[in-house]
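K.L.:
With the sequences and hints as input, model every part of the structure.
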Amino acid sequence: MPRKIHVNDIIKTVEELCIKACVVVPCDIRRFMEGAVEKEEGLGKQILQDMLKNQDIAIADNLPICQDTGMVVVFVTIGQDVQIEGGSLGDAINQGVRDGYEKGLLRKSVVADPINRVNTKDNTPAVIHYNIVEGDGFHITVSPKGFGSENMSRLKMLVPSDGIEGVKKFIIETVVAADANACPPIVVGVGVGGSFEKSAIMAKEALMKPLDAHHPDPFWHNIEKELLAEINNLGIGPAGLGGRLTAMAVHINTYATHIAGLPLAVNIGCHVNRHEEASL
Amino acid sequence: MEIFTPLTTDAIKGLKAGQMVHITGHIYTARDAAHGRLIELLEAGRPMPFDFDGNIVFYAGPAPTPEGAACGSIGPTTAGRMDLYAPTLIKQGLKAMIGKGLRNDKVVAAIKDYDGVYFVGVGGVAALMSKCVTHVEVVAFDDLGTEAIRRLTVEKMPVIVAIDSEGRNVYER
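So the sequence lines, in the order shown, correspond to chains V and D. For the first sequence, the tail end lands on 280 under our numbering, and the numbers increase by one without skipping. For the second sequence, the tail end lands on 173 under our numbering, and the numbers increase by one without skipping.
None of these hints come from the bench; they were simulated from the model. Ideal placement from N, C-alpha and C gives every residue a C-beta, glycine not left out. Heads up, a few of these hints could be off.
Unchecked claim - Subject to a maximum C-alpha distance of 30 Å in a straight line, what follows is the list of computed DSS-like cross-link-like pairs (lysine-lysine):
#1 53/V - 131/D
#2 20/V - 53/V
#3 39/V - 131/D
#4 131/D - 103/V
#5 45/V - 13/D
Said to hold, decoys possible - From chain V, some residues computed to sit far from chain D (all C-beta separations above 10 Å):
#6 6
#7 45
#8 170
#9 172
#10 197
#11 224
P.N.:
The structure is reproduced here in structure tokens:
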């Protein structure tokens with residue numbers, strides 16, 4: 001017998017996740033910033049203090065942390081023994097986004113066509129990624145992605161001879177080019193391998209990890225640590241106005257790839273790197 | 001230091017890159033879509049929806065306003081996307097801009113040539129910044145929603161001088 005999940009539960013869950021993600025900063029980022037403020041000085045310190053103050057006001061007054069409440073990216077991991085009842089899963093997710101952005105007084109930032117650019121006025125459609133697994137679980141992650149940082153993200157099809165040095169160089173170049181535009185201190189999500197689109201999706205998934213997560217392979221974990229140290233030596237600092245803290249984490253995801261290829265995607269998350277998740 | 005709008009040329013010339021200032025007075029929001037419309041109006045020889053002289057454009061689109069508040073969360077968007085339009089508006093008399101991030105050489109040159117100034121706010125501290133706004137009024141392009149041009153009345157809104165009238169740049173590290 002399949003496990004049944006009604007679309008109404010999905011709509012309500014997505015609505016709540018959208019609002020919470022836009023108002024309440026993830027607790028690991030909050031803790032990280034509280035620690036970082038002690039190590040920063042001058043203008044950088046003042047900006048981190050303002051970021052913390054802003055997080056407090058957002059919660060106290062139920063306001064979005066940032067006016068750019070993003071385009072909603074959703075990751076759904078659904079067990080193959082789950083049956084959705086009452087409607088379609090995609091429609092339910094979009095209804096949840098619609099309800100969340102209306103009730104939460106979140107900014108509607110989505111246009112229906114990339115050239116004709118008429119606002120859809122309800123922040124739909126969301127970008128939805130489905131992952132089908134064994135069992136009867138249902139897990140959903142909602143990430144309202146702001147485009148200050150999204151616009152500074154990049155993808156390049158490297159070639160095998162570029163090797164690890166080529167990978168590191170492109171990641172650093174991307175962070176340097178992003179500078180203040182990406183709203184540092186940033187989180188750097190990286191996808192290496194797979195195909196063109198697989199690398200991009202892995203980079204986005206990397207932004208959903210807890211700040212203290214790391215790649216299971218010690219080789220890649222060391223690369224993450226090395227890149228983080230190098231980025232924090234760039235001096236970009238909070239809001240790009242100089243300082244010690246430019247990135248809070250570098251997360252790398254990897255996948256098998258083709259003998260001819262070395263796809264590499266770098267997705268940048270801003271200093272709130274919004275994401276919330278729930279299981280049904 | 002507190003500065004008041006409309007900005008005089010003397011007041012602008014007194015500002016130095018890296019300095020923090022607090023703005024009191026009226027500022028006008030305009031971002032991507034509104035800039036496109038302003039350029040269309042100019043090309044058609046039509047008047048601007050507000051007087052540029054001494055005024056400040058804020059690259060921003062606010063979140064909806066909660067009941068009982070003056071303004072929803074608001075903060076600067078990436079200024080570089082307006083680089084294509086900014087020199088034209090500066091030549092029309094626009095004196096100051098508020099955004100975040102770097103500007104291109106043409107914008108820096110226009111700021112120098114026309115005694116302008118570019119301020120930056122901290123991106124993503126929008127709940128905090130909304131507390132400096134005491135009144136909001138749509139002045140043009142209401143159909144653009146958050147991208148409409150709004151006149152904000154602000155009190156001591158904190159910004160940093162990023163490019164001053166002599167072309168000095170806070171981002172040059």
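K.L.:
If a hint holds in the structure, say so; if it doesn't, say that too.
P.N.:
Going through the hints against the structure:
Annotation: proposed proximity of residue 53/V to residue 131/D holds, straight-line Cα distance about 12 Å (limit 30 Å). Between residue 20/V and residue 53/V, the direct Cα distance comes to roughly 18 Å. Compliance with the 30 Å bound is thereby established for this hinted pair. Between residue 39/V and residue 131/D the alpha-carbon distance is near 28 Å, which keeps this suggested pair within the 30 Å criterion. Restraint check for residue 131/D and residue 103/V: the C-alpha separation of about 21 Å stays at or below 30 Å, so the hint holds.
At most 30 Å may separate the alpha-carbon atoms for a hinted pair to count; residue 45/V and residue 13/D meet this at roughly 28 Å. With a cut of 10 Å on Cβ distances, residue 6/V stays outside the contact zone with chain D, its closest approach being about 30 Å. Residue-level check passed: residue 45/V sits 13 Å from the nearest beta carbon of chain D, beyond 10 Å. In this structure residue 170/V is separated from chain D by more than 10 Å, as the shortest Cβ-Cβ distance comes to about 20 Å.
Interface exclusion of residue 172/V from chain D stands, the closest Cβ pair being 15 Å apart, more than 10 Å. For residue 197/V, the condition that its CB be more than 10 Å from all CB atoms of chain D holds, with the nearest at approximately 25 Å. The non-interface label for residue 224/V is consistent with chain D: the shortest C-beta to C-beta separation is roughly 24 Å, beyond 10 Å.
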